[in-house]
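Number of protein chains: 2
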Amino acid sequence: MRIVIDAFGGDNAPLEIIKGASIASLEYGVEITLCGKQSVIESVIAENKLNFFGELKIVDCEDVLTMHDDPTSILKSHANSSMGVAFSELKEDKADAFVSAGSTGAIVVGGTLIVKRIKGIKRPALASALPSPKGSYLLMDMGANADSRPEMLEQFGVMSSVYLNKVMGIENPKIALLNIGSEDTKGDELHIEAYKLLKANGKINFVGNIEAREVPKGEFCDGVVTDGFSGNIVLKTIEGASITLFSLIKKILYKSTMNKLSALVLKKDLYSLKTLMDSSEVGGAILLGVSKPVIKAHGNSNAKAIKNAVRQAKTVVENNIIGTIAENI
Amino acid sequence: MRIVIDAFGGDNAPLEIIKGASIASLEYGVEITLCGKQSVIESVIAENKLNFFGELKIVDCEDVLTMHDDPTSILKSHANSSMGVAFSELKEDKADAFVSAGSTGAIVVGGTLIVKRIKGIKRPALASALPSPKGSYLLMDMGANADSRPEMLEQFGVMSSVYLNKVMGIENPKIALLNIGSEDTKGDELHIEAYKLLKANGKINFVGNIEAREVPKGEFCDGVVTDGFSGNIVLKTIEGASITLFSLIKKILYKSTMNKLSALVLKKDLYSLKTLMDSSEVGGAILLGVSKPVIKAHGNSNAKAIKNAVRQAKTVVENNIIGTIAENI
Numbered sequence: 002m003r004i005v006i007d008a009f010g011g012d013n014a015p016l017e018i019i020k021g022a023s024i025a026s027l028e029y030g031v032e033i034t035l036c037g038k039q040s041v042i043e044s045v046i047a048e049n050k051l052n053f054f055g056e057l058k059i060v061d062c063e064d065v066l067t068m069h070d071d072p073t074s075i076l077k078s079h080a081n082s083s084m085g086v087a088f089s090e091l092k093e094d095k096a097d098a099f100v101s102a103g104s105t106g107a108i109v110v111g112g113t114l115i116v117k118r119i120k121g122i123k124r125p126a127l128a129s130a131l132p133s134p135k136g137s138y139l140l141m142d143m144g145a146n147a148d149s150r151p152e153m154l155e156q157f158g159v160m161s162s163v164y165l166n167k168v169m170g171i172e173n174p175k176i177a178l179l180n181i182g183s184e185d186t187k188g189d190e191l192h193i194e195a196y197k198l199l200k201a202n203g204k205i206n207f208v209g210n211i212e213a214r215e216v217p218k219g220e221f222c223d224g225v226v227t228d229g230f231s232g233n234i235v236l237k238t239i240e241g242a243s244i245t246l247f248s249l250i251k252k253i254l255y256k257s258t259m260n261k262l263s264a265l266v267l268k269k270d271l272y273s274l275k276t277l278m279d280s281s282e283v284g285g286a287i288l289l290g291v292s293k294p295v296i297k298a299h300g301n302s303n304a305k306a307i308k309n310a311v312r313q314a315k316t317v318v319e320n321n322i323i324g325t326i327a328e329n330i
Numbered sequence: 002m003r004i005v006i007d008a009f010g011g012d013n014a015p016l017e018i019i020k021g022a023s024i025a026s027l028e029y030g031v032e033i034t035l036c037g038k039q040s041v042i043e044s045v046i047a048e049n050k051l052n053f054f055g056e057l058k059i060v061d062c063e064d065v066l067t068m069h070d071d072p073t074s075i076l077k078s079h080a081n082s083s084m085g086v087a088f089s090e091l092k093e094d095k096a097d098a099f100v101s102a103g104s105t106g107a108i109v110v111g112g113t114l115i116v117k118r119i120k121g122i123k124r125p126a127l128a129s130a131l132p133s134p135k136g137s138y139l140l141m142d143m144g145a146n147a148d149s150r151p152e153m154l155e156q157f158g159v160m161s162s163v164y165l166n167k168v169m170g171i172e173n174p175k176i177a178l179l180n181i182g183s184e185d186t187k188g189d190e191l192h193i194e195a196y197k198l199l200k201a202n203g204k205i206n207f208v209g210n211i212e213a214r215e216v217p218k219g220e221f222c223d224g225v226v227t228d229g230f231s232g233n234i235v236l237k238t239i240e241g242a243s244i245t246l247f248s249l250i251k252k253i254l255y256k257s258t259m260n261k262l263s264a265l266v267l268k269k270d271l272y273s274l275k276t277l278m279d280s281s282e283v284g285g286a287i288l289l290g291v292s293k294p295v296i297k298a299h300g301n302s303n304a305k306a307i308k309n310a311v312r313q314a315k316t317v318v319e320n321n322i323i324g325t326i327a328e329n330i
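Heads up: the protein sequence lines correspond to chains A and B, in order. Residue numbers for the first sequence follow our numbering, beginning at 2 and rising by one. Residue numbers for the second sequence follow our numbering, beginning at 2 and rising by one.
Just so you know, not all the hints are guaranteed correct.
Note that identical chains are pooled: a pair holds if it fits in a single copy or bridges any two copies.
[As the list claims (entries may be wrong)] Here are the simulated lysine-lysine pairs, PhoX-like style, with alpha carbons at most 20 Å apart:
#1 Lys218 - Lys251
#2 Lys187 - Lys50
#3 Lys261 - Lys251
#4 Lys197 - Lys175
#5 Lys252 - Lys218
#6 Lys135 - Lys252
#7 Lys256 - Lys135
#8 Lys204 - Lys77
#9 Lys275 - Lys218
#10 Lys251 - Lys135
#11 Lys275 - Lys252
#12 Lys275 - Lys135
#13 Lys204 - Lys175
Please keep in mind that the hints were generated in silico from the structure rather than gathered at the bench.
Start from the sequences and build out the full structure, keeping to the hints where you can.
This is the structure:
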């Protein structure tokens, strides 16, 4: 198996990306293709004495698509960027899966228009496993589509179900619809219609609406289906609320000498709490609905997050997620 | 000034509601009308030796509208419930403002269709001050309208601005639009259009889009304008994320004897953190856009939260928020 990696995507590129690729390659026995400036990639590998399983392939390209570039530029002016070239490798069957920590918008555009959709899929969407005290749950769409239609949400339900079953090993996964009330008549037009479609779909174990309050607890279901706008809001609100609370707690722990001493005792446990809620532990987001595996790692991914994204890519390939989605649509 | 209170709305009714009304009445010098079963109200007052400023008025009614009732039943089958009667008192000018901790949906329906809209207002919406480390910020609409149009969001901006200025004393308050990206071209159709209208409106100090990640920090703006669906999602996600984190921290503090000893030292500070993030400190939500002050206290309001909601009602009356909104629409 070969995974193509955009070596210049993300805040910590290329060092952390290449390091993560090396670790994953050796640990999971997958071959790696790195796209980006060859001279830089080679010196990072030499300076850090990095090794790779099998044959390492480097595809040289000068250009990089940044977070500030128009996402659609991946199709034209930035077609030869590290991400654009990585998409070409995937499209031309030179790799089995794709990983990038670069621009989410460009990954959605590239996945949809270069790699192309699975037949019958209305719109691909991003699914991400989020941490909770009760284990992780899948959130889909986490922001690939600003505007959604009810039929799209129904398909997100089917795709989530396949992913949860095949990749996360959950038997008959419970799927809920994010809504502003738990009763079946609640919500705006989009969600009232989506509820009906999800309920009527025999391929989904649909357990009804879930309110946002219940989402971070991770108790109610295995997968949360949402339109991309609300999904993005939930994801970022959890992030913002956690950052705010942790920064306030940190202030308390450093407030006085007595507090500092107490903090020493609690340090390890509080740190493990931060790790528990840390999304880099879970892996990247996957663009489901496209005809090959496309993994989007978090923009600030370190080597560990990239390693986990590669593991995720490998699991997706091994379990034939794409084929199973195609069969179920 | 007289405030009419639905004595039987909310999880802790009638005891905490009546207690809160008594405390507020004495502390702020406002007269109170209590709606609900007179015999129960009288025995609560007697048993708890409660006093009131000026003349206490009790309007006897048997019926109570619960959280499970259809909100529109406030207009018909539950028109004579404690909430319905309280709305009548307000409508007939027998009180200057209304407070209830009952069903949000029924308060929106009653406010809109019994009390009626301010001329020119498309849809009333709920505004609520939320706590943050940097002081409180206003979120509007927090869920009165499931479906929204761009012009509604523009009016939420104007109403938020008036409220922040007149009630919270903020000069030229900064208003932002909740969106899934900070650039002005981001979002779904609704938010792209709303952005243009807010930017073009000379009565608002519009500072652009705010991402959900920034909302809980409370740094970027004084007021967050949002459609009711997203507003409800933000509000409940913050609640859910905070509950989840606090429960995990609590587990850590009780994990071992050493942890318990350290927890004793930190207890007071951690408790003050919980208070800081506690919405009962800030007051209730206000239904802006209706022709008289309607305050919705949190469903699980205790006496303190009711007291704060009455204070808020008083400030709204004293500063003629309704008149100023009418002038600015």
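Checked against the structure, which of the hints given earlier come out wrong?
2, 8
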